[in-house]
Amino acid sequence: MAEGMSRKPYLRREGLSWIFRHPRYLRYMTREFSCLFIGGWTLWMVWGLKQLADGPQAWFAFLEYLKSPASIVFQVITLGFAAYHSYTWFKLTPQALPIQIGEDFVPGAAIAGAHFGVWAALSIAVLHLAGAF
Amino acid sequence: MAISNKPIVWGPFAAGGTVTAFLTPVLVLLTLLAAFGHVPDVLAYERLHALLGHWPAKVLAAAVVFLSLWSAAHRLRITCHDLGVRADIAVATLLYAGALAGAAASVLFLARI
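Sequence lines, in order, name chains A and B. FYI, this note's numbering numbers position 5 of the first sequence as 54, with every residue one higher than the one before it. FYI, this note's numbering numbers position 83 of the second sequence as 85, with every residue one higher than the one before it.
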């Protein structure tokens with residue numbers, strides 16, 4: 050109710066300590082911080098597209114840059130955060146996409162499970178099509 | 003922010019959250035394999051250049067970039083609020099503009115491939 054909002058809203062002074070007050074808050078912030086790594090990695094890949102457009106030598110330099118220790122650390126952390134984002138995202142699908150058949154709702158575990166299954170199949174398909182194995 | 007703006011920022015966030023949930027881990031795995039010297043065939047210059055030479059692949063790549071950056075920007079905006087930053091209009095403008103700039107850059111680079 051935006052029109053009912055006070056003109057002098059109460060602003061609570063909050064530091065960062067609330068994050069550690071409950072494991073649930075810490076898990077929430079871990080999930081939210083995944084955006085830094087997913088966004089950062091995506092921007093890096095935009096730079097990769099530039100290198101690809103610039104020609105074979107620039108692309109080769111990009112592939113070499115992927116191998117630096119710092120970028121390997123970044124990619125490993127990104128992989129962890131990205132997988133955690135996927136896990137939390139699919140775990141929420143029963144609430145986001147409830148499916149009703151007749152009188153009954155499809156069990157949440159089935160909806161989330163279907164998403165996890167598609168995620169696994171898609172990942173294997175992408176790895177296979179990319180020639181990773 | 004006016005209530006009517008919400009679906010416009012939230013729609014791409016939800017779509018991007020879904021796209022990144024399905025794709026980002028396996029794509030990071032591909033660059034990580036390359037980083038460990040086991041370069042997947044698709045990341046060889048000729049293969050990737052030929053693949054992204056096709057228009058459907060260009061459109062798909064640009065869409066993935068836009069949705070990934072937008073959902074990250076939106077989530078970072080919320081996180082800034084959670085961390086006590088109350089300048090929401092400035093934060094939102096900066097982050098959404100950054101996501102759009104990144105997506106625009108990807109379109110320019112893809113057009114040159």
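Simulated from the structure, these hints should not be mistaken for laboratory data. Here the structure is a predicted model, which means the values were calculated and not measured. A virtual CB, placed ideally from N, CA and C, is assigned to each residue, including glycine. Hints may be right or wrong, so weigh each one.
[As the list claims (entries may be wrong)] Chain B regions said to be covered by chain A (calculated; three or more residues, Cβ under 8 Å): (1) 7 to 14; (2) 52 to 62.
[What the hints assert, rightly or not] Listed next, the in silico DSBU-like pairs over lysine-lysine satisfying Cα-Cα at most 35 Å (straight line): (3) B:60 / A:140; (4) B:8 / B:60; (5) A:140 / A:116; (6) A:116 / A:99; (7) B:8 / A:116; (8) A:99 / B:60; (9) B:60 / A:116; (10) B:8 / A:140; (11) A:57 / B:60.
Q.
So is the stretch 52 to 62 of chain B in contact with chain A by the C-beta rule, three or more residues under 8 Å, or is the coverage claim wrong?
A. violated (count 1)
Q. Does residue 8 (chain B) pair with residue 140 (chain A) here, judged by a C-alpha cut-off of 35 Å?
A. It holds: about 24 Å lies between the C-alpha atoms, which stays within 35 Å.
(Q) With the threshold set at 35 Å, check whether the alpha-carbon distance from residue 60 (chain B) to residue 140 (chain A) stays at or below it. (A) holds, 31 Å
(Q) Holds or violated: residue 8 (chain B) and residue 116 (chain A), Cα atoms, limit 35 Å. (A) The given pair, whose Cα atoms are some 41 Å apart, is violated under the 35 Å limit.
Q | Hint consistency between residue 8 (chain B) and residue 60 (chain B) [alpha-carbon to alpha-carbon, up to 35 Å] | A | holds, 29 Å
Q.
Tell me if the straight-line CA distance from residue 116 (chain A) to residue 99 (chain A) falls inside 35 Å.
A. holds, 18 Å
Q. Is the hinted pair residue 57 (chain A) and residue 60 (chain B) satisfied, with a Cα-Cα distance of at most 35 Å?
A. violated, 49 Å
Q | Satisfaction of hint between residue 60 (chain B) and residue 99 (chain A), Cα-Cα up to 35 Å | A | Given pair residue 99 (chain A), residue 60 (chain B) holds - Cα atoms ~13 Å apart, limit 35 Å.
Q) Within 35 Å, alpha carbon to alpha carbon, are residue 60 (chain B) and residue 116 (chain A)? A) holds, 26 Å
Q.
How does the stretch 7 to 14 of chain B fare against chain A when you require at least three residues with a CB closer than 8 Å, holds or violated?
A. The restraint on the stretch 7 to 14 of chain B is violated, since only 0 of its residues have a Cβ under 8 Å from chain A and three are required.
Q. Is the hinted pair residue 140 (chain A) and residue 116 (chain A) satisfied, with a Cα-Cα distance of at most 35 Å?
A. OK: residue 140 (chain A) and residue 116 (chain A) at ~33 Å, within 35 Å.
The earlier numbered hints that this structure contradicts are 1, 2, 7 and 11.
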